[in-house]
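Student: These protein sequences, in sequence, are chains A and B. First residue of the first sequence? That's 1 in the working numbering, and the numbers climb one at a time after it. First residue of the second sequence? That's 1 in the working numbering, and the numbers climb one at a time after it.
Keep in mind that the hints were calculated from the coordinates and are not lab data. Model, not experiment: these values are computed from the prediction. Backbone N, C-alpha and C fix where the C-beta goes; we use that ideal spot for every residue, glycine too.
One side only, chain B facing chain A, incomplete, derived with CB under 7 Å:
hint : residue
1    : Val-113
2    : Leu-140
3    : Ile-143
4    : Ala-209
5    : Thr-213
Covered stretches of chain A (chain B as the covering partner; in silico rule of three or more C-beta atoms under 8 Å from a C-beta of chain B):
hint : region
6    : 641-653
7    : 657-668
If the Cβ cut is set under 10 Å, some of the chain B residues that face chain A in the computed set are:
hint : residue
8    : Gly-141
9    : Gln-146
10   : Arg-147
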Amino acid sequence: MTPLEFLGLSLALSLIGAFASLILGRSETLASGIASVAGVLAAASGLGAGLLSLTGPVSTLALDGPYPFAHFVLRLDPLAGLMVAVISLLSLVAWIYGLAYVREYSGRGVGGMGFFMHLFIASMMLVVTADNAFWFLIFFEMMSLASYFLVIFDEDKNAVGAGFLYFFVAHAGSVLIMAAFFLLANAAGSFDFEAFRHVSLSAPMASTVFVLGFLGFGAKAGMIPLHIWLPKAHPAAPSHASALMSGVMIKIGIFGIVKVALDLLGGGQPMLWWGVLVLAFGAVSSVLGVVYALAEHDIKKLLAYHSVENIGIILLGVGTGMIGLAEGQPVLAVLGLMAGLYHLVNHAVFKGLLFLGAGSVIFRVHTKDMEEMGGLAKTMPWTALSFLVGALAISAIPPLNGFVSEWYTYQGLFAAALSGSFLVQFATPIAAVMLALTGALAVMCFVKAYGVIFAGPSRSAHAAHATEAPAPMVTGMVVLALACVCLGLAAPWIAPVIGGIASATLGLPTTTLADGALLIPGAASTTVLSTPLIAILLLALATLPIVVKAMFSGTRIARRRSDAPWAAGYLPDIRMALTAKSFAQPIRMFFVPLYAVRKSVAGAWSHITIGFENFVCLARRTEPWADTRFVDPVTRGVTVTGRWMQVIQGGDFRIYCLYIVGALIVLLAVAAH
Amino acid sequence: MQGTLFINGLSGFLIVTALLVALAPRPVQAARFYALQSLVLVALFVSIAMTTGSTELYLWSASAFVTKVVLVPVIMTKMFRRLEDPELGSGAVMPAALSIVGAALIVILCYAVISRVTLPAALPLKPALAISLAHFFLGLGCIVGQRNILKQVFGYCLMENGSHLTLAILAPNAPELVEVGIATDAVFAVVIMAVLGMRISKTLGSLDARKLTTLKG
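I would like the entire structure built from these sequences, with the hints used as guidance.
Tutor: The following block contains the structure:
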């Protein structure tokens, strides 16, 4: 089968799954079962389509659309293939996970949830493969709408508010993207992306298109300061949908930025300041994202802020790639973009894993507040282990995948700092420092998250009595945890593939990125890294305590104490344990100015929310106005008339007789005349 | 000519007896007055039969005597004897004097109406016809003007007598079948209504027609 056939099969299965789920909505077990089975098959098929087109030639399907300008063109190039593969992998896991997880939502329209999930996944697949601006926008909107319905699935005030903000930002972004595409279409005389690729714009026009596209897709990606919807919307959605939104959907924003800057505007040379702009946004997003995440004690909000941070890291890579292209350094360009794309894949995997882990915990503990968890590693060992792998990966601990992509990002930034114009030499070291700061804070944040959720004493009755998540949920998490390990350990073999995608997207020759089991950033003379070797060393390190224990256990085991720890003379108490808030307190004090930035940004955005609330208020006032002016008088009139009628219809038959007498007398009087 | 005069005069007496029935303070007395009124009615039938030479009317008067003078008053006396509602009193809505004035007004109105009738059969008996119509109204008036449900049964009987007389004046040669209908009508309707009255009295503990509205489901 060709990749396009796989893609078509996947979309058809999604469609079947969506409508089957909707039609069978009355029987929730059946609906969710069929939706999940169709989803798993669709994802497997999509994975085939994605993996087959990673290295292979570009395959295109072109059909006549309903309008002359709307040719239905699907194009599976390596970049789209990568996105399809990532979407499929995450959706595969989400469907497996959802099999058990939707029980949390039983009685609240599980059929509808399956429908929107299928629609969401299919529209994401179509967005990344569409090769016509008209269809791209249609599918982009479909994706936003389907995910909007998933965000408001809880239908409480929080979810609806978050949903509105999301809806607003997503559509504001769409408008910018639309404007960018219209400018391109105007110059190209067609809505086909193929025509966009060959058009050459004047520098100001190209910059306008880029900035419009960057801001539009940036809003989708959740980069600061357009991130405000993300920490509200992602936590509101069901966890497997959050995993897809945070893991995959925001990556479509990155995909769009890459697509506009490097693919559609490929006719002309990108300008240096574009890359620097992307770099700057990336650096700010990564640092602020993680700083804000530290202050959160809502587990899903914390993860959502980490998405902002990781989008920043991806943008650092993409920005480096764009700088390399503008500076005419093919190695740097490929290295930077490859680092960005690698981190894109990695973030999808570990953020998906972390959201699923959070979902499992919430599934058992019934709260998102980390302060009420604690000690779950004992009762939910598989969830804890998977979450730990995800936490290590996102904190860029070697040899896991997060480390590899961040390493490449650093190498790209260093390479750019060593050669290039003054602006680049000035900007990239700052970005590298920001990345370092981000990494350190991310470690701290996940020490907090893992520690407060899984270690220490239980802080609530639910946490104390939690049990391991159901098998499908554990399976989903373990699959992603293994993917984290594989993407890290097998980096020497994966990096060249992603490097190939980067060079294909940039239209440049491939660069050496690995040699045997070694990772090489362009040239082996600068630095090398081998994750398999690190893994072996770490495993060796783990054996060390065993050796020590074997040597000393005989004599010292008798003297070991198993009493409670010494607590300054007091009996140990749950309240003595470190809380999420107290752990993050020093950081909060240290970064007070950065939190002030958030407050001011949130203040600016809150106008939208306030506007919406005012609008709702106005609508609420208008409705009773119509009631009091029109409906109430009519009902009052009817009631009063009814009372009068009641006098006539007294129920006393003598009154009826009286009517007969009256009527007869009148008739007789008429007859008499 | 003398026959018609006699008939008209006798019908005037019918109004008097009807008022006695309507205004009698107790149901048993009313039943006796009713028997008297029915007797007047029978006399009227006989005189009409003699005037018009209708053989059917003799039969009518015989069956009316059995049903209305004997059967119905006896049934009523038997059944109503034990039904009492001391709270209700006479149950009249308006004073007796006012009722008599009302009755007079009705008779005048009916006379005015009947004076326009130009049926050849009714021409000599116009006063009697007017009175039969007024009698019907008096019955209705008795139903409206009395709160005692037993008196309302008498109201029905008065209406029935009025229509009976109208029929006899306008169609003296009507077949016996009609009479059979009327006779059964009178007896059975009275029996059913009397049973209903007893049941209501038993359930409700009252004979007040106003309180019947509380039975609404």
